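Participant: Residues per chain, in single letters:
There are 2 protein chains.
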Amino acid sequence: MSKHKLRIIPLGGLGEIGKNMMAMEYGNDIIVIDAGLMFPSEETPGVDLLIPDISYLLERKQNLRGIVITHGHEDHIGALPYVLSRLASPVYATRFARELILVELKQRGVKTDAKLNLVGPGSRIQLGSFTVEFFSVCHSIPDCVGLIIHTPQGIVVHSGDFKVDHTPVICEATSFNQLASLGAKGVLLLLSDSTYVELPGYTPSEGVVSDTLDRIVSQAKGRVIVTTFASLISRVQQVFDVAVKNGRRVFIIGRSMKEIATMALKTGYLTAPPGTICSFDELKTLPHNRVIVLSTGSQGEPPSALVRMANRDPKSRVQIVPGDTVVLSAPPIPGNAPLVSRTTDRLFRQGADVIYSKLAQVHVHGHASQEELKLLLSMVKPKFFVPIHGEYRHLVLHANLARSMGVPKDNAFVLENGDVLELGQDSGKVVEKIRAGVVYVSGLIAGELDESVLRDRRSLSRDGVVVVTIALDSGNGKLAGKPHIVTRGFVDAGEEQVLVEKGQDVVLAALDHDRRRLTDPGFVDARARESLSKFLYERIHRRPIIIPVVVEVGKT
Amino acid sequence: MSKHKLRIIPLGGLGEIGKNMMAMEYGNDIIVIDAGLMFPSEETPGVDLLIPDISYLLERKQNLRGIVITHGHEDHIGALPYVLSRLASPVYATRFARELILVELKQRGVKTDAKLNLVGPGSRIQLGSFTVEFFSVCHSIPDCVGLIIHTPQGIVVHSGDFKVDHTPVICEATSFNQLASLGAKGVLLLLSDSTYVELPGYTPSEGVVSDTLDRIVSQAKGRVIVTTFASLISRVQQVFDVAVKNGRRVFIIGRSMKEIATMALKTGYLTAPPGTICSFDELKTLPHNRVIVLSTGSQGEPPSALVRMANRDPKSRVQIVPGDTVVLSAPPIPGNAPLVSRTTDRLFRQGADVIYSKLAQVHVHGHASQEELKLLLSMVKPKFFVPIHGEYRHLVLHANLARSMGVPKDNAFVLENGDVLELGQDSGKVVEKIRAGVVYVSGLIAGELDESVLRDRRSLSRDGVVVVTIALDSGNGKLAGKPHIVTRGFVDAGEEQVLVEKGQDVVLAALDHDRRRLTDPGFVDARARESLSKFLYERIHRRPIIIPVVVEVGKT
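Here the protein sequences come in this chain order: A and B. Numbering of the first sequence is given in our numbering, commencing with residue 1 and proceeding in unit increments. Numbering of the second sequence is given in our numbering, commencing with residue 1001 and proceeding in unit increments.
I should point out that these hints are in silico values taken from the structure, not numbers from a laboratory. Please note that a few of the clues may not be correct.
Unchecked claim - One-sided excerpt, in silico: chain A residues whose CB lies under 10 Å from chain B:
hint, residue
1, Ser452
2, Asp456
3, Arg457
To be verified - Over the 12 Å line for every Cβ pair with chain B, so calculated as not near, a few chain A residues:
hint, residue
4, Pro121
5, Gln126
6, Pro303
7, Arg516
The structure displayed is predicted, hence computed values, not measured ones. Think of the CB as a built atom: it goes at the ideal place given N, C-alpha and C, for glycine as much as any other residue.
From just these sequences and the hints, can you work out the full model?
Facilitator: Here it is as structure tokens:
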């Protein structure tokens, strides 16, 4: 029997989409799988991105044997610049993921001593008492892998982000032979992607999109402008292929699209016959029905190329004209739906014909649906099951799915970030909860942003700010004049004037009420705040943030 | 030939979902169709609701013959409290809509002299040179109507919000006989609901949901908690019916659900055998498998009954226990998706089994899909077509659909709010753009909220506020001490301290640079703002709102 127990510790990505990170611990050995970021929502105003709290790892630096990356999406690699600037752990990634990690590190200006090791399907690495094997999975970016982790206690399979695509455009089909042989050996634990567990059936193949794009392009009388995620190389390849087939040339617009396409062409992930891509000068002379424009902006992001077209930005190199067809070949990430909706409307206003998911199958996603999840479960036949990558409801539904496939009820664990699951030979148990959560990255500051700052921002955004200045004569402890009020983001100018005047009187009266204590700035501050807050709530039912400024006059 | 031309003037609801309002003008007669509100988004922080700008009507009060209401949803009646407090126009509404208007007026504390007239399918009213007939349509609230408006220039058909439901649960099926006979007479203009023009095929019947609910309730071993829109009376009726069929009693929780159900039972819109509804005392003694709880909270609204259950609020009368089944029988309105998602996850965390649209057909919507829209077009055979109710893209797609059904290309108009469409016998033209837009209602203030206030709020929510106080000695025009800085919603306490200290020095240095002008508070204000703004942007790439407070000392 083994001396230690295997510990599974999710640090991110459970109960949320994004920010994927998991630690696996045995004795004095820790390995980490993925280190992703999450994008902010309206709940976190002014935050640029969110990354996992790695306190647990920082306290056990000496035990960390390596960070293993399943693929190059930002929700799996985006925290690396921050993690590696604190922990010089070796990283193991496939070729395409490694290229993207290098881009991230450069963009964030992080220099690190951490070694970025290249691995691939079939690789086998030893990390302390863990041996990690890699198998190819198909997702929506090249070079995705799942992991077979041999631990002293048994085999752990980690699915990575995957779907089963028998006609993939670029990535290798998910490799079943490696997996199927494991089922016979006995697998201790399966960790599997839950993102699309709500969908019955199978996820359609990426190949489906080729047909739709071909139909759209062959029927379009003018330009076709396609937008998608820059990292969705398979879609970019489809656009190249459709262009070649229809005798059109491709103009690429938008920084990230250009960067990633250039990198992918150089490294062979993208292929295109010479002359497929055209320059801006060439674009100007080409007839519109000989052109496909490949653009950033699928999320309606304000500074992106497509949004600049939609806004008729005079500096945009491409201006929309009637006859243009715009294809939104990506779904809006949930929080971005309003931005995408507004961009779509603006493109229509300019006379473009816009084609999006509701109107044609111009996108398929990269995660397994229920039947594919069942296929994996039935091949691997794990003793224990932990659903990963998903909101809490996805994890519950996936655990139920595993139970319906024969995993014993008590062997399927719905974990949350920070839970420590300890696995014995026949049973598992959450034995403790470690510190895990989120670190807010705001502007150039990569550190924790207090919840209190975010609370203030939410307040400010609802009701604005009211600054009340009170001058005290420090000589005699009397008010040196009437309180003075200024506001921002509060109410309309007309309404403000009335409220400010009355508010000044209210504060004056409140302070006058207890003149003896006017020598105490703390008292003046509190009294001004309370009286003004009460007055404004009674008058207009709003609660702006009130900042009293108490100035002592005659104390130079 | 008629002396005047018919003018169609959308005041709201075109290029946006909600806030529906349209004026129709002929000579000195104006009628208005609907007067709805819109709920705010993250674009309008702190705004409680948005209503149409009615300046055009206020300037022509004497010409307004009446406001005709198609149904009682808030996006069609919600602006009435504000409109009627400014314009004492008679209102014409069906019985259920009228009940809801009375509730709205009471809730907003509006007393009005406007007469609320009752109309119904088959009614015919004369409003100046317009004769308005009503026909029943099926939507998702009782008593919905479409309008047949006889104008001196021809017949106008307004669809209201509609779907074609041959097995409706409560509302009357959409009335085709009145419409079909019009096609032969010749219809000048059709105005038709565009909300679901993106969907091919037919919208499923409300009857489908009955089967799903019955299946869920009959299989549930514990309580079933159903949430939906309080105004979705047909769904409430389905819940009652399923309860009776399965030998369960219904406990209603949440203010709006109780109010509307009570009103609907009293007025006969809802029917239930005696004893269907149970009191809180009865609830406490009933076994869980004999109970259905009908709750507010389908949008994850923080103070609603369901959210209080999800949050384990100790004051909630119903506490979730494992074995409970929660049915979300309503879709999240787009902006509410994150709230609904969080509520769902919390309900799962407490052990409930949650069933929502992705998992079973527990909701169908109330708007026509493409085939139904085509049916209406083919029955009415209008000369002119104006798509209404929808984002800009919906209007464009609906206009294209009408063209594909034989409406001449130039006779289908995609209008925006404020466009004035003048119709001649054979052609129509947008002849002017009148003032139309949005009035923000915030707190108790029903007036216009400047865009500048909203801009400030958005800034504040991103980067917070920095107040810098500068005391000037008015006697000698010198600084009376070091500038003092306080912040809210800006950065973390630790980071703040450093920035505040340096910031104070920066402002001091900037002012010291030009001492002669320190007697000018305007100069001091601008200089402090600029220098601090520049410093903070350079240091941390943020742009908080900076409020300088200049206090003159020695000037009591």
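Participant: Are the hints correct? Go through all of them and say.
Facilitator: Hint check:
{"no.": "1", "hint": "Ser452", "result": "holds (8 Å)"}
{"no.": "2", "hint": "Asp456", "result": "holds (3 Å)"}
{"no.": "3", "hint": "Arg457", "result": "holds (4 Å)"}
{"no.": "4", "hint": "Pro121", "result": "holds (33 Å)"}
{"no.": "5", "hint": "Gln126", "result": "holds (39 Å)"}
{"no.": "6", "hint": "Pro303", "result": "holds (15 Å)"}
{"no.": "7", "hint": "Arg516", "result": "holds (19 Å)"}
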